[in-house]
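So for the sequence shown, the numbering used here puts the first residue at 1; every next one is plus one.
No wet-lab data here; the hints were simulated from the structure. Note that the coordinates shown come from a computational prediction; the quantities given were computed from them, not determined experimentally. Be a bit skeptical, because a hint or two may be false.
Unchecked claim - With a cut-off of at most 20 Å between alpha-carbon atoms, the simulated EDC-like pairs for lysine to aspartate or glutamate come out as follows:
| # | residue 1 | residue 2 |
| --- | --- | --- |
| 1 | Lys63 | Glu38 |
| 2 | Lys16 | Glu27 |
| 3 | Lys103 | Asp89 |
What the hints assert, rightly or not - Label-pair restraints from in silico Cβ distances:
| # | residue 1 | residue 2 | range |
| --- | --- | --- | --- |
| 4 | Gln105 | Ile81 | 18 to 26 Å |
| 5 | Tyr28 | Gly60 | 46 to 54 Å |
| 6 | Arg44 | Tyr100 | 49 to 57 Å |
| 7 | Ala6 | Tyr100 | 43 to 51 Å |
| 8 | Ser117 | Arg54 | 37 to 45 Å |
| 9 | Asn97 | Leu56 | 17 to 25 Å |
| 10 | Pro58 | Asp123 | 24 to 32 Å |
Just so you know, even glycine gets a beta-carbon here, dropped at the ideal spot from N, CA and C.
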Amino acid sequence: MADGTALQPATVIAHKNRARQPNESAEYRKAREALLAEEIELNRYIARVAAQRRALPPGGEAKGDYQFLGEASSVKGANPIGFADLFGDKDTLFVYNWMYGPKRQRPCPMCTAFLSSVNGNADHIRHA
């Protein structure tokens with residue numbers, strides 16, 4: 001770890017877990033502890049990969065002022081918006097891409113459901 005302390009082996013942590021299922025067998029407990037140890041290792045691996053991602057140097061600079069067309073651009077007189085204008089007075093931009101299938105007239109319901117939940121937090125995000 002970054003602070004110099006060693007992580008406990010996942011198997012030790014899994015064995016200390018006291019959560020039990022009613023009437024579980026010894027075979028189930030052994031398999032569940034093995035699975036829990038794997039889950040702990042997976043979480044550690046994900047954390048290591050995320051740390052590597054955060055440590056990446058800056059990527060390439062976006063050159064030019066890319067123009068984006070949205071739903072409003074189909075309205076007569078609406079203008080596209082430039083990349084820099086998407087940020088407004090903020091230094092962070094939240095972007096989400098809706099998925100469409102080849103036979104789909106509307107975006108994926110899960111995408112739109114996710115965006116509906118973000119909208120509920122938009123005021124908090126706006127002030128971040």
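How the hints compare with the structure:
For a cut-off of 20 Å, the pair hint linking Lys63 to Glu38 is broken: about 44 Å separates their Cα positions. For the hint pairing Lys16 with Glu27, the CA-to-CA distance comes to about 17 Å; that is within 20 Å, so the pair holds. Restraint check for Lys103 and Asp89: not satisfied, since their Cα atoms lie roughly 39 Å apart, outside the 20 Å limit. Checked against the hint of 18 to 26 Å, the pair Gln105 and Ile81 passes, with Cβ atoms roughly 25 Å apart.
The supplied range of 46 to 54 Å is met by Tyr28 and Gly60, whose beta-carbon atoms lie about 52 Å from each other. A C-beta distance of roughly 37 Å is found between Arg44 and Tyr100, which places it outside the suggested range of 49 to 57 Å. Distance hint for Ala6 and Tyr100: a CB-CB separation of about 49 Å, consistent with the stated range 43 to 51 Å. With their beta carbons about 25 Å apart, Ser117 and Arg54 fall outside the hinted range of 37 to 45 Å.
Checked against the hint of 17 to 25 Å, the C-beta distance between Asn97 and Leu56 comes to roughly 21 Å, which is consistent with it. Distance hint for Pro58 and Asp123: a CB-CB separation of about 30 Å, consistent with the stated range 24 to 32 Å.
Violated hints, in rising order: 1, 3, 6 and 8; the structure is consistent with all others.
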